[in-house]
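Taking the hints into account, I'd like the entire structure generated from these sequences.
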Amino acid sequence: MAVVGGQRSRAEVTVSELQRERLAYKRSRSRRSTVVALLSTTVFAVVGYFTVTRSPGWPRVRDSFFDPAVAWRSLPAVLEGLWLNLRVLLVCGTLILVLALAVAAVRTLRGPVWFPLRLLATAYVDLFRGLPLIILLYLVGFGLPALRLAGVPNDYVVLGGAALVLAYTAYVAEVFRAGIESVHPSQVAAARSLGLNPQKTMRLVVLPQAVRRVLPALLNDFVALQKDCGLISVLGAVDAVRAAQIEQARSYNFTPYVVAGLLFVLLAVPSARFADAVSRRAERRQGGR
Amino acid sequence: MTTDSPVLGVRGVVKRYGGQTVLAGVDLDVHEHEVVALIGSSGSGKSTLLRCVNLLEDLDDGRILLDGVDVSDPRVDADVARRGMGIVFQSFNLFPHMSVLDNITLAPRVVHGVSREDAEQRAAELLERVGLADRAGSYPDNLSGGQQQRVAIARALAYSPRLLLLDEVTSALDPELVGEVLSLVRELAAHGRTILMATHEMGFARQVADRVCFLDGGRVIESGPPEQVLGSPVHERTRQFLRRIIDAGRL
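As given, the protein sequences belong to chains A and B, one line each in that order.
Numbering-wise, this note's numbering comes out as the position in the first sequence, counting from 1, plus 2.
Numbering-wise, this note's numbering comes out as the position in the second sequence, counting from 1, plus 14.
Source of the hints: derived by calculation from the structure; they are not laboratory data.
Beta carbons: idealized from backbone N, C-alpha and C, even for Gly.
Watch out, some of these pointers could steer you wrong.
[Said to hold, decoys possible] List of simulated lysine to aspartate or glutamate pairs, DMTMM-like, C-alpha gap at most 25 Å:
1) A:Lys28 to B:Glu48
2) A:Lys28 to B:Glu241
3) A:Lys28 to B:Asp87
[As the list claims (entries may be wrong)] Chain B regions said to be covered by chain A (calculated; three or more residues, Cβ under 8 Å):
4) 83-89
5) 172-182
In C-alpha cells:
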C-alpha cells in the first residue's frame with residue numbers, strides 16, 4: 003500500500019477530488035486491517051501464554067523441559083551434533099537431487115527398449131516410498147554390515163546417509179516426474195519441430211520448466227530431509243538428537259531435547275522463507291497482464 | 015436503475031502502469047441494445063479499457079457506472095457488479111481442466127445459484143446456437159481456436175449479462191476461423207445485445223457497430239456512426255490510422 007501510494011504521489015498530475023477520497027478510503031481500510039491483525043495476534047498470544055503457564059503441571063514442566071542452565075550447558079554438544087546433521091544434509095541433498103532426476107527421467111522414457119529399466123525404476127520408487135524410514139534405517143544400518151561383504155562401510159553416518167538417500171530419492175523422483183509431465187505436450191512439439199532431439203528437448207525445454215514448477219514441492223521435501231537427518235541417531239551416530247539424549251541422560255532433564263528441537267526449527271526457517279520467496283516470484287511472473 | 019441512464023457509463027477513467035499512462039481520461043456511454051466498437055492501434059488502451067470496465071484493474075481516477083451505479087467505488091463489491099457483465103478474452107481463457115459444458119455452467123451454478131439441470135439445459139441451448147452442440151463433453155485443448163472462442167462467448171452469455179465485453183475476439187484466430195466467430199457476434203448484435211467490443215476488423219465494425227470510437231493516446235479522439243468515423247473522419251489522427259489500415263489491405 004505504501005509503495006503504491008509513493009508511486010502515485012510521484013506521478014501525481016491532476017487527481018480528482020473523487021479519487022483523492024477513494025485513496026483515503028483505501029488507506030483507512032488498510033490501516034484498519036493492520037490494527038485488527040495486531041489486536042488478534044496479541045489476544046492469541048496472551049491467551050496462549052496464560053493457558054500454558056496457569057496449567058497445574060507447568061512448574062514441573064518448566065523445570066524439566068525449559069531449564070536455562072541445562073540448556074546452556076548442553077548447547078556446545080548439541081551444536082557439534084548439529085554440525086554433523088548439516089554435513090549429512092548437504093551431501094545427501096545433493097545426491098538425492100541428482101539421483102532423483104535420473105530416476106524421474108528413466109520413468110518418463112518411452113519405447114519398448116527401455117521397458118526393463120522403466121520397470122526397475124517403478125519398482126524402486128514403489129518399494130522405498132512405501133517403506134517406513136525407520137525400518138529402512140535399521141535394515142541398511144544394521145543389516146547391510148552384518149552381511150560382512152567386502153567394501154560395505156560400517157560407519158553409521160555413511161549407512162544412515164545411504165538410507166536417507168534411498169528413501170528421499172524415491173519421493174523426489176516422483177516430484178520431478180510430476181513436474182515433467184505437467185509441461186504441456188505442445189512445448190515438446192515446439193522443441194522437436196526446431197530439430198532438437200529428445201535428450202536436448204528434455205534438458206533445454208522440458209526440465210527448466212518442470213523444475214521451476216516443482217521448486218516449492220522440492221523445498222518442502224528439503225525441509226523434511228533436514229529433520230529426518232536427525233533420525234540417523236537411531237543407528238548410534240552422534241548427531242544433534244543423539245547429543246541431546248546423552249546430555250539428557252547425564253542431567254535427568256529433557257531441556258537438551260528442546261534445545262536440539264529449536265535448533266532444527268531455526269535451520270528450517272531460512273528454507274521456508276526461501277520457498278515463499280520462490281513461490282511469490284513464480285506468481286508474479288505468471289500474473290500481471 | 016433509471017430508464018434514461020446508459021447501461022455503461024465511463025467517466026474520466028485514468029489508468030497508469032508504472033510511470034506509463036495507458037488511459038488518460040476516457041469518457042464513453044453505451045446505451046441499451048447498442049453495439050459500440052473501439053478501434054485504434056495496438057497499445058492505444060482498448061483492452062485496458064475493457065479490463066477496467068470489468069473491474070479487473072484498479073482505476074487511477076474516474077468512474078465506471080453500470081445502469082447509473084458507480085461500481086468502481088472501493089466500497090462496492092466488484093463480484094456483484096461483474097454479475098451484470100460478461101467478457102470474452104482475446105486468448106479465450108477457457109478452463110482447460112473442465113469440459114465445455116462445465117466451462118459454460120460454472121458461473122450460473124456457482125455464482126448465480128442455478129440448478130445443475132437448468133444450467134445444463136441453458137448451456138445446451140447456447141452450444142446449439144454457437145454450432146457446437148456435439149462438443150459439450152470435449153475439453154478445450156481438443157477444440158480449434160474458433161471453436162474455443164465460440165465456447166468462450168457461450169460461457170460469457172450463460173448468465174444473460176446486460177453488457178457483453180469483447181476484447182479483440184478474433185485476433186488470435188486465423189482468417190478461416192474469424193468468419194465463424196464474427197457471424198456469431200453479428201447474430202448477437204441483431205438480437206439486441208448491448209455490446210462493447212475492441213476490434214481490428216474495420217469491415218466488421220462498419221457492418222455491426224452502431225457507433226465507432228477511435229482511441230489514441232489513452233483518449234477517445236473521435237466517436238460517431240461507422241460511416242462517419244470510418245468513411246469521413248474529422249480528426250487527423252483518425253485519418254492517419256485508417257490510411258495505414260487501408261494500405262495494409264484490412265478495410
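Against the structure, the hints:
1. A:Lys28 to B:Glu48: 35 Å, violated
2. A:Lys28 to B:Glu241: Between A:Lys28 and B:Glu241 the Cα gap is close to 44 Å, so the pair fails against 25 Å, i.e. violated.
3. A:Lys28 to B:Asp87: 10 Å, holds
4. 83-89: That given contact holds, which follows from 3 residues of the segment 83-89 of chain B lying within Cβ reach (below 8 Å) of chain A.
5. 172-182: With 0 residues close enough to chain A, the hint is violated.
When the structure is compared with the earlier hints, violations turn up for hints 1, 2 and 5 and for no others.
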